[in-house]
Each structure stands twice: as structure tokens, then as C-alpha cells.
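Protein chains: 2
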Amino acid sequence: VSGEISVASRQSGRPGLGRVTLVGAGPGAADLLTVRAVRALEQAQVVFYDALVSRETLELAPRAQRFCVGKRAGRPSTRQETIHALMIRAARRGRRVVRLKGGDPFVFGRGGEEMLALASAGVPCEVVPGVSSALAAPALSGIPATHRSLSAAFVVVSGHAETAWGPLLTTLPPGAATVIVLMGLGARGAISAAMVQAGWPRSTPAAVLWGAATAVARRWLGTLGTLPEAQASSVTQDAPGTLVIGEVVALAAVLAPADELEERGEAHAC
Amino acid sequence: VSGEISVASRQSGRPGLGRVTLVGAGPGAADLLTVRAVRALEQAQVVFYDALVSRETLELAPRAQRFCVGKRAGRPSTRQETIHALMIRAARRGRRVVRLKGGDPFVFGRGGEEMLALASAGVPCEVVPGVSSALAAPALSGIPATHRSLSAAFVVVSGHAETAWGPLLTTLPPGAATVIVLMGLGARGAISAAMVQAGWPRSTPAAVLWGAATAVARRWLGTLGTLPEAQASSVTQDAPGTLVIGEVVALAAVLAPADELEERGEAHAC
Chain A
1 VSGEISVASR QSGRPGLGRV TLVGAGPGAA DLLTVRAVRA LEQAQVVFYD ALVSRETLEL
61 APRAQRFCVG KRAGRPSTRQ ETIHALMIRA ARRGRRVVRL KGGDPFVFGR GGEEMLALAS
121 AGVPCEVVPG VSSALAAPAL SGIPATHRSL SAAFVVVSGH AETAWGPLLT TLPPGAATVI
181 VLMGLGARGA ISAAMVQAGW PRSTPAAVLW GAATAVARRW LGTLGTLPEA QASSVTQDAP
241 GTLVIGEVVA LAAVLAPADE LEERGEAHAC
Chain B
271 VSGEISVASR QSGRPGLGRV TLVGAGPGAA DLLTVRAVRA LEQAQVVFYD ALVSRETLEL
331 APRAQRFCVG KRAGRPSTRQ ETIHALMIRA ARRGRRVVRL KGGDPFVFGR GGEEMLALAS
391 AGVPCEVVPG VSSALAAPAL SGIPATHRSL SAAFVVVSGH AETAWGPLLT TLPPGAATVI
451 VLMGLGARGA ISAAMVQAGW PRSTPAAVLW GAATAVARRW LGTLGTLPEA QASSVTQDAP
511 GTLVIGEVVA LAAVLAPADE LEERGEAHAC
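Sequences listed follow chains A and B, in order. Quick note, the first sequence lines up with residues 1 to 270 if you use my numbering. Quick note, the second sequence lines up with residues 271 to 540 if you use my numbering.
Hints were generated in silico from the structure; no laboratory data involved. Backbone N, C-alpha and C fix where the C-beta goes; we use that ideal spot for every residue, glycine too. It cannot be assumed that every hint is accurate.
What the hints assert, rightly or not - Once the Cα atoms are required to be at most 20 Å apart in a straight line, the calculated SDA-like pairs of lysine to any residue come out as:
{"no.": "1", "chain 1": "B", "residue 1": "K341", "chain 2": "B", "residue 2": "E351"}
{"no.": "2", "chain 1": "A", "residue 1": "K71", "chain 2": "A", "residue 2": "T82"}
{"no.": "3", "chain 1": "B", "residue 1": "K341", "chain 2": "B", "residue 2": "H430"}
{"no.": "4", "chain 1": "B", "residue 1": "K341", "chain 2": "A", "residue 2": "R148"}
{"no.": "5", "chain 1": "A", "residue 1": "K71", "chain 2": "B", "residue 2": "R418"}
{"no.": "6", "chain 1": "B", "residue 1": "K341", "chain 2": "B", "residue 2": "G456"}
Stated by the list, open to error - Estimated spans, in silico, between C-beta atoms of each pair:
{"no.": "7", "chain 1": "B", "residue 1": "R418", "chain 2": "A", "residue 2": "A215", "range": "45 to 51 Å"}
{"no.": "8", "chain 1": "A", "residue 1": "E162", "chain 2": "B", "residue 2": "E326", "range": "44 to 50 Å"}
{"no.": "9", "chain 1": "A", "residue 1": "R202", "chain 2": "B", "residue 2": "A321", "range": "40 to 46 Å"}
{"no.": "10", "chain 1": "A", "residue 1": "T170", "chain 2": "B", "residue 2": "A321", "range": "37 to 43 Å"}
{"no.": "11", "chain 1": "B", "residue 1": "P332", "chain 2": "A", "residue 2": "T170", "range": "51 to 57 Å"}
{"no.": "12", "chain 1": "A", "residue 1": "E56", "chain 2": "B", "residue 2": "V486", "range": "34 to 40 Å"}
{"no.": "13", "chain 1": "B", "residue 1": "D529", "chain 2": "A", "residue 2": "S77", "range": "32 to 38 Å"}
{"no.": "14", "chain 1": "A", "residue 1": "Q231", "chain 2": "B", "residue 2": "P346", "range": "16 to 22 Å"}
Assemble the whole structure, with the sequences as input and the hints as a guide.
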């Protein structure tokens, strides 16, 4: 953090110019932020946050003006160009700005786009990596992304558009990597069909994880063949779900038994 | 695997029984540990740590007995079975044990193996996910793992054995994902050749990153074709290096210009 300060003073060049710190808020719980992220929030004067950031995380920035720029309560999210303009304006007013994103800013977080916009505007910007939900959701559910003799690689892909996951998941040799799909709940049927078609056994263990690292975490365990039927009764249909497909999923029942999850206040749906 | 273990015995809550917390130490800097990790270290009575864990990180556990079980100063690392036995013995003596691993415990960290061994022994164990070096090393070097219009997926694989990366990297459609190879420095020539053979353009941007998030961070930028020649003069040959291959690497020069890295006390070799 001492480095942060010297970086700020050196980059300012122009007196009075603020700066933006792109901060990963991790998978949900406030104590899964990094120490560097907490300090950035404590020093922030303005925070622009996404809808998935928890209330307890926002309370780490008690002195900051806080603006939600994500999709919330059915209303559309702020346009990306508007977010850029808001950050640039606040920085030009000399503010210490934090842009707070769920997970890691560079894993489907549009962090790169925002850094490019800030760089174009001459606004100093740095990134604080966060614990990615892509890895933490499985880990907290008892699923290691890699495991000797089971998987020496993993693939993380967005399920939002078939143009993204299609080329990858239809050519991936069966078993060559653990497959982790973010925002993939709506596509679970299509993904299951495509992977079975590509030669993955229907019996390959599969999981769906909702709200990892939050009090409303839910887990479904099944197989690639039954994945289309995955659901958790108490989870709203539009809650983001993480899919995990691969032999490592079989470890979940041992590494995080359902009764343990329940004692942690989490439920399982299988 | 699930058959081997009596789940019932783990939840015993036997009085006097200690517990083990598997903690991810993140990519290097102590302030990139999570708050939960810092608390676990503060409360630890015994810490078993890997060689890549920094001194400043270890100082977060001032009251604990600390044992290095990783490869150090040319001496071989502790056998995996010995690590298991040491953790189980400490826990059975009622100790609060932290098993501290670089990055995330479940990304090539053998965390799953250790949790299985602890579960078999009836020792309560939980995991604290960490910031994975696989994502943080690129991020801190100005390389987003995903970026709209450039990459909607990424692959993380170990470069340690061709049996791991071969099946994946020789079938991955060119450009379908950002490729991140951990422990891949020694295999950079073979990986470059295999990917070019599989149709990836030799002009695809590529990077090698050493010691991300530490004071000795080094970055090399080039292409898939020049990757075999990648080196940083001031880095010892056996320092672990992270390879990144894909169009997103082209963003590095803009998002983290070389002069900025130098001012942060980091150097670049390109």
C-alpha cells in the first residue's frame, strides 16, 4: 500500500487529478476481499459498484459517495459509456475513485474496456485483482479446479452466448480439462447437449452453484446428462449460476458434505 | 473416491480436536491475501507453508510455529504423505493449523489431495480461496484474461508435463480462448511449436511473466513465434514463469506501460 501512494503522487503529474482503482470484490463475502481492496475502499471518495456487490462490502467504504451502476430491481444497467464518463469526471475533479466489481475485474468484468477508456482520457488507473467467482464458487463447494490424476487444466467460459462457448466446448477433448461456465444457467441444456455430442460421457459429474460465499449459497450435484434438469427450488430463476463439469466434481460430496454446508447456513439441492 | 471416507466422523466436534485451514496466499504481495486469510494466520498456532510464500506473508502469523514444507535452496520438497501426517498430528494435538499455499489452494496446489487426506483422518478442514497467480500475474501486467471482442474464455493449464497441456493446446481452435500456462517456462518452445502446428498464427501476441505482485516482477512481451526466445536477463533460470498467449496480450502495452512498471519497481524485458 505504500506503493499505492507513491504511484498516486507520481502519476498525478497534474496536481488535483484524481485516480481510479479497479477493485475486485471477490465472490460475495466481505472477508474475501483482499487487504489491498479494503484499503482502497477505505480511502475512496467515490465508489461505482455493480449490482452483485454485497451490502457488507459497500460498508467498507463508509465515507464514499456510492453509486450503483449495475442492473438492479429489473431496471437496466447503466450504459458502459456512461460508466466511463462518470469515472473520468470524478477523477478530473480530483476524487479518489473505486470501481468495484464482483469477482475479478478482468474475468468477464469489462475491466479492460474501462481501463482503456481511462487511459485514453489520461486518468491514472490501477487494478486490484480479486478472488474470481469462477474458482471460489467451486472451491467453497468442495470442488478443486485441478486435482492430480483427475484434471491438470481448467477452462473458464461465459455461457451468455453460444458464439463464445460453442467453439471451445465442442472441440475440447472429453476429460482434457475441468469446464467452468459463468452465466451459464440459461444455456445448461444446450451446453450439456453439445458436450455429449462432442463425446463427453453423460455420466461425467456436473454441478450448478448459486451464490457461492454468500448466505444464500445453493449447490446442485448431478451429471452432464442430468444437467438440463438442474434447479434449486429456493433460488430465483435469474440468479447467476456457475456450472462445473468434470471428474473433480465427484470430490464435492467428500470435501464439502451437504450437512457441513447446511451448518454454514448454506443449503444443497441434490 | 467418495467411498473411501466416512463423512460422519469429520463433523465430530470431538473436544480437543484441532482443525486445518487451507489458505491461498495469493500471487505474492502480503496485501493481496484476503481478510479471511489474514485472520486465519493471526489465529494459527502452526503454519505449514510452501517455498513461494513471501516472508512478509509469514509475518502475518507471528505467534505460530512455522514450517517450510516446500522445495527450498535446492533441497527437495517434503513428501506429500509427510505433509499430510504433519498436519494430522498437529490437529490431533488440538492445534489450529494453517496450510499456506501460493495463489489458490485448488489451482495446481494439491489442495484437494490434502483435504482428502484430512477428511480420511477425521480432521475438520476448510478452504480459504486465494487470488490465483494464473489471473493476477496477467492482470498486474496489464493483461485481462477476457476482453469483449478479443476473448470470451480462458484456459489455464500446467506446463509441467506435455501429457497435461498437449491434448488441450493442440485441439484448441486458434483464438477460441486466452491461454495461460503455469510452470510453463521450460516448455515454452514445445508449446509454441505445438500451437503453431495447430494453426495459431505465429503473430499471436504472447507474454512471459515472472514474480507478479512481488518486487522482482519481470515481463517479456512478444509473439507466439518468438516465445521460445523469451527471457529476462535478471531472472534466475528456475524462477517460475507464467505464459499468456492470445490477442488480449496486445493490451499490455496500453494498460500497463513499461515505464509504469519500472516506477513500481518492476522491470520489463521487451
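Consistency of the hints with the structure:
1. With a C-alpha separation of about 15 Å, the suggested pair K341/B and E351/B falls inside the 20 Å cut-off, and the hint holds.
2. With a CA separation close to 14 Å, the supplied pair K71/A and T82/A stays within the 20 Å bound.
3. Proximity of K341/B to H430/B is assessed by CA-CA distance (about 16 Å); at most 20 Å being required, the pair is judged to hold.
4. Note on K341/B and R148/A: the hinted pairing holds, with a Cα-Cα distance of about 19 Å set against a maximum of 20 Å.
5. For the hint linking K71/A to R418/B, the alpha-carbon distance of about 19 Å falls within 20 Å, and the restraint holds.
6. Proposed proximity of K341/B and G456/B is supported: the alpha carbons are some 18 Å apart, at most 20 Å.
7. Against the hinted window of 45 to 51 Å, the Cβ-Cβ separation of R418/B and A215/A comes to about 32 Å, which falls outside the hint.
8. The hinted range of 44 to 50 Å is satisfied by E162/A and E326/B, whose Cβ atoms lie roughly 46 Å apart.
9. Under the hint 40 to 46 Å, the C-beta atoms of R202/A and A321/B, about 42 Å apart, fit the expected range.
10. Checked against the hint of 37 to 43 Å, the pair T170/A and A321/B passes, with Cβ atoms roughly 40 Å apart.
11. Distance hint for P332/B and T170/A: a CB-CB separation of about 52 Å, consistent with the stated range 51 to 57 Å.
12. Distance hint check: the CB atoms of E56/A and V486/B are about 36 Å apart, consistent with the given range 34 to 40 Å.
13. D529/B and S77/A have their C-beta atoms about 35 Å apart, which keeps the hinted 32 to 38 Å range intact.
14. Distance hint for Q231/A and P346/B: a CB-CB separation of about 49 Å, inconsistent with the stated range 16 to 22 Å.
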